[in-house]
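Single-letter residue listing:
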Amino acid sequence: MATYLARRLGQALFILLGITLVTYLLLFLLPADPVRQIAGRSATPEVVESIRRQLGLDLPLWQQYLRYLGRLLTGDLGRSYAQKTEVTTLILSRLPATLQLMAGAIAVELLIGLPLGVLAAAKRGRPVDRALMVASLTAVSAPQFVVGILLLYVFAVQLGWFPIGGYGSFSHLVLPALTLGLLGGGWYARMTRSAMLDVLRQDYITTARAKGAGSARILLVHAFRNAALPIIAMIGLDIGIFMSGAVVVESVFGWPGIGQLVWQAIQLVDIPVIVGVTAVAACFIVLGNLMADIAAPFVDPRIKRR
Amino acid sequence: MLRRLLRDPVTLFGLAVILATVLAALLAPQLAPYSPDEQFFDGLSLEGAPLPPSERFWLGTDLLGRDLLSRLIWGSRTSLLIGVVANGFAVLLGTLLGVAAGYARGWLGAVIMRFTDLMMAFPALLLAIALAAIFRPSLWIVALVIAMVNWVQIARIVYTETSSLVEREFIEASRAIGAGPLRILLSHVLPHLVPTMLVWGTLGIATTVLLEATLSFLGVGVRPPTPSWGNIIFENQTWLTTAPWLVVFPGAAILLLALAFNLVGDALRDALDPTQRGRD
Numbered sequence: 001m002a003t004y005l006a007r008r009l010g011q012a013l014f015i016l017l018g019i020t021l022v023t024y025l026l027l028f029l030l031p032a033d034p035v036r037q038i039a040g041r042s043a044t045p046e047v048v049e050s051i052r053r054q055l056g057l058d059l060p061l062w063q064q065y066l067r068y069l070g071r072l073l074t075g076d077l078g079r080s081y082a083q084k085t086e087v088t089t090l091i092l093s094r095l096p097a098t099l100q101l102m103a104g105a106i107a108v109e110l111l112i113g114l115p116l117g118v119l120a121a122a123k124r125g126r127p128v129d130r131a132l133m134v135a136s137l138t139a140v141s142a143p144q145f146v147v148g149i150l151l152l153y154v155f156a157v158q159l160g161w162f163p164i165g166g167y168g169s170f171s172h173l174v175l176p177a178l179t180l181g182l183l184g185g186g187w188y189a190r191m192t193r194s195a196m197l198d199v200l201r202q203d204y205i206t207t208a209r210a211k212g213a214g215s216a217r218i219l220l221v222h223a224f225r226n227a228a229l230p231i232i233a234m235i236g237l238d239i240g241i242f243m244s245g246a247v248v249v250e251s252v253f254g255w256p257g258i259g260q261l262v263w264q265a266i267q268l269v270d271i272p273v274i275v276g277v278t279a280v281a282a283c284f285i286v287l288g289n290l291m292a293d294i295a296a297p298f299v300d301p302r303i304k305r306r
Numbered sequence: 001m002l003r004r005l006l007r008d009p010v011t012l013f014g015l016a017v018i019l020a021t022v023l024a025a026l027l028a029p030q031l032a033p034y035s036p037d038e039q040f041f042d043g044l045s046l047e048g049a050p051l052p053p054s055e056r057f058w059l060g061t062d063l064l065g066r067d068l069l070s071r072l073i074w075g076s077r078t079s080l081l082i083g084v085v086a087n088g089f090a091v092l093l094g095t096l097l098g099v100a101a102g103y104a105r106g107w108l109g110a111v112i113m114r115f116t117d118l119m120m121a122f123p124a125l126l127l128a129i130a131l132a133a134i135f136r137p138s139l140w141i142v143a144l145v146i147a148m149v150n151w152v153q154i155a156r157i158v159y160t161e162t163s164s165l166v167e168r169e170f171i172e173a174s175r176a177i178g179a180g181p182l183r184i185l186l187s188h189v190l191p192h193l194v195p196t197m198l199v200w201g202t203l204g205i206a207t208t209v210l211l212e213a214t215l216s217f218l219g220v221g222v223r224p225p226t227p228s229w230g231n232i233i234f235e236n237q238t239w240l241t242t243a244p245w246l247v248v249f250p251g252a253a254i255l256l257l258a259l260a261f262n263l264v265g266d267a268l269r270d271a272l273d274p275t276q277r278g279r280d
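Listed in order, the protein sequences are those of chains A and B.
Using the numbering used here, count along the first sequence one by one with no gaps and you end on 306.
Using the numbering used here, count along the second sequence one by one with no gaps and you end on 280.
Derived by calculation from the structure, the hints in this document are not laboratory data.
Possibly wrong hints are sitting among the right ones.
[Said to hold, decoys possible] Selected chain B positions facing chain A (in silico; Cβ < 8 angstroms):
no., residue
1, L6
2, V10
3, L12
4, L15
5, A104
6, L118
7, L126
8, I134
9, L218
10, W239
11, L263
12, D266
13, L268
[Unchecked claim] Chain A is nowhere near these chain B residues, computed Cβ spacing over 12 angstroms in every case:
no., residue
14, L69
15, R114
16, P195
In this text, all values refer to a predicted model and were calculated from it rather than measured experimentally.
All residues carry an ideal CB built from backbone N, CA and C; glycine is no exception.
All chains should be modelled from the sequences, with the hints used to inform the complete structure.
Structure representation (structure tokens):
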């Protein structure tokens, strides 16, 4: 168990290091000239040269990378071209809103996915099951910005049940969380169904049935616990979907999280902010994967023995 | 197998949607009632607002008084082109790297697979946004960016399959009779990968269509005036609360095409995977 965790931790650290390499590449090697972007078009050669020296762009590449790494270790993600602020400050001020949105989305995807998956498994092969599986694929195929705009239009503009965008109370959270969670809800319904079908095929279910347990009891008590726990333990893996989805959902609903930060940075071609959020999101994904890896053997002790 | 696919009404629906979109893209100049770029001066209301669907403009007009139906028909070219090109490139790259890693193993395999681990850690959309913001986007850059993000999953699946294939006896046997690595790859490994590539190639088009629409909606995808289903919604954002048809129709087009590829890909997977047959 300890070696399993140590190996996972080592892999995570390795990937974190790799992330810094990629973001370094995106920040300093690919853009035409970061100096020009900071100094503007009309800057004199002396100004350009001094900024170049300030950024350390006159050093050999490997030294530049090490300096970049050193800055990252102190939590310095660079400065925004457009907002003249530290990227780290910007991200930290936006993070709570995004985390709140994600928590809402997790609740939505579990509330949609688990019950529908169980229902589909119980009615396996029947029209209900077929309809649910097509519905879940539809949820997976729906572009989030369209879902968001339509929910906003129907429930906020037309019916006035929820506020038109913004942040603060629970009612602000409902529509964005629904939009972000719908996609995952579709996947969870499909995963829950196939996990339930796998469990229902096992001998102990037959035993329970032979002992006279009712079909509802078998489904909910005997099968659901074994099918659903491994799925819930994998929630950490959703963070990638959420981080991508947050950009879309937050820009549609004006939700002041890191996704909206990226959307605003796109308009200003503010590459340090975009890359900074990408790096932070990647770290969250690594963390989420690590959480899923740690949770797995607790939920399914068979993994421990492997 | 084909008959099994065609007997299922849901799969048939998916195939019909794909066929209709392909026809719309190929025959756009003939099918579209108007030019997608023509700004009609009777295409806006007196207050300058887009017009709702009518007999003259079947799906209404957009913020510049252009015919929405014609823009949607021409937009299908963008979606399909990027869907097929970007995803084709992703499948090619993913298969190449996956096979290389699975066949060579050793340090080369390890390097390739650690690299895919790394790429998996990046959220696809954010990485695509960063790349698209750095290279000024055009249709081909968008396709390239999507391919650079989407090859990863295919590489992992192909790697897993290849590394289990090369342990099988028939590969060992052909190695024993003196077949070179190229021959083994081409005549023994690749044919076994075709179903996987077919399934993931189809499912990948759905992902690609959605990613292109999302990038275009965020303004880092295909740039107007070239119509794309995503940038139609992007362009008309200010009118969304008063002219819902400008979201509903392009949105429905994106959803239907992505759903169609997902349905067909799903059906292909069930049909091609022998372990799944007869289950559920």
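Checked hints:
no.	hint	in the structure
1	L6	violated (17 angstroms)
2	V10	holds (6 angstroms)
3	L12	violated (13 angstroms)
4	L15	violated (15 angstroms)
5	A104	violated (21 angstroms)
6	L118	holds (4 angstroms)
7	L126	holds (4 angstroms)
8	I134	holds (5 angstroms)
9	L218	holds (6 angstroms)
10	W239	violated (11 angstroms)
11	L263	holds (6 angstroms)
12	D266	holds (7 angstroms)
13	L268	violated (13 angstroms)
14	L69	holds (18 angstroms)
15	R114	violated (7 angstroms)
16	P195	holds (20 angstroms)
Of the numbered hints given earlier, the model fails hints 1, 3, 4, 5, 10, 13 and 15; all others are met.
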